[in-house]
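Undergrad: Chain by chain, the residues run as shown.
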Amino acid sequence: MSILRSQVLNVYKELLYLGKSYPLGYNYFRTRCHKAFSKSAGLTKEEDIKNAIARAEYVKKEIEAL
Amino acid sequence: MFRTALRQSSRLLTSSMRPAVFTGVRVLPSMSVAPQMVFGGRFYSSGGPPSKTDIEGRIVELLKGFDKITDPSKISTTSHFSNDLGLDSLDTVEVVMAIEEEFSVEIPDKEADAIQSVGQAVDYIAAQPGAV
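So the protein lines, in turn, are chains U and W.
Taking the working numbering, the leading residue of the first sequence gets 39, the next gets one more, and so forth.
Taking the working numbering, the leading residue of the second sequence gets 1017, the next gets one more, and so forth.
Extracted from the complex, chain U is given alone in its bound form (with noise of 0.2 Å):
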């Protein structure tokens, strides 16, 4: 397995477990996460993968500064 797949599972798995006190729900939080995710799904060049990567981090600062 690469190593961008397995970067992007972890920042999944740490989004998944910042959104668990989201304030619209858990539930709500990981339906869209999911689909986000799964959009940029396609992505074959590894410079858009990377890219992908950085918004997932900058996405979850984001929640912790909520």
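Take the hints with a grain of salt, since some may be wrong.
Claimed, not checked - Some chain U residues near chain W, calculated using beta-carbon distances under 8 Å: (1) Ser44; (2) Leu47; (3) Asn48; (4) Tyr50; (5) Leu54; (6) Phe75; (7) Ser76; (8) Ser78; (9) Lys88; (10) Lys98.
Claimed, not checked - With a straight-line Cα cutoff of 27 Å, these simulated DSSO-like cross-link-like pairs (lysine-lysine) come out: (11) Lys1090(W) with Lys98(U); (12) Lys83(U) with Lys1090(W); (13) Lys73(U) with Lys1080(W); (14) Lys88(U) with Lys73(U); (15) Lys1126(W) with Lys99(U); (16) Lys1068(W) with Lys73(U); (17) Lys98(U) with Lys83(U); (18) Lys51(U) with Lys1084(W); (19) Lys73(U) with Lys98(U); (20) Lys58(U) with Lys1126(W); (21) Lys1080(W) with Lys58(U); (22) Lys1068(W) with Lys77(U); (23) Lys1068(W) with Lys88(U); (24) Lys1090(W) with Lys1068(W); (25) Lys77(U) with Lys1084(W); (26) Lys83(U) with Lys58(U); (27) Lys98(U) with Lys1084(W); (28) Lys73(U) with Lys58(U).
Treat the hints as calculated values from the structure; they're not laboratory data.
All of these numbers come straight from a predicted model, not from anything done at the bench.
For glycine and all other residues, C-beta sits at the position ideal for the given N, C-alpha and C.
On the provided structure of chain U, position chain W as indicated by the hints.
TA: Coordinates of chain W only, in the frame set by chain U:
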């Protein structure tokens, strides 16, 4: 003047406090007769780790509550998350997280990745000494 006021008030306080303390002492014995023990873990004298059938049952129950599985009748102890249940890799991460919570264990990323079916999850949990 301030000092005398303080002294007076402290005298007042102690005199008014004393009965309260006494009643407090009088109330306490009735409470200590039946101490309430709250403990959020497994007592190690209480029968050991869950059995394999128990683990299977709990994981199947957990999957039944998972809204993304369209056909709950397909859930069995041998079903594969993506092939049989139609879950993608993100859903698998969620399932593994739910299993972690259910059994109060922490599954490292590498092992979490290897868990792709109900059978593998059962085997992994059964091998964990700390599973509740």
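Undergrad: Of all the hints numbered above, which does this structure not satisfy? Sort the numbers upward.
TA: 8, 9, 10, 11, 12, 16, 22, 23, 26
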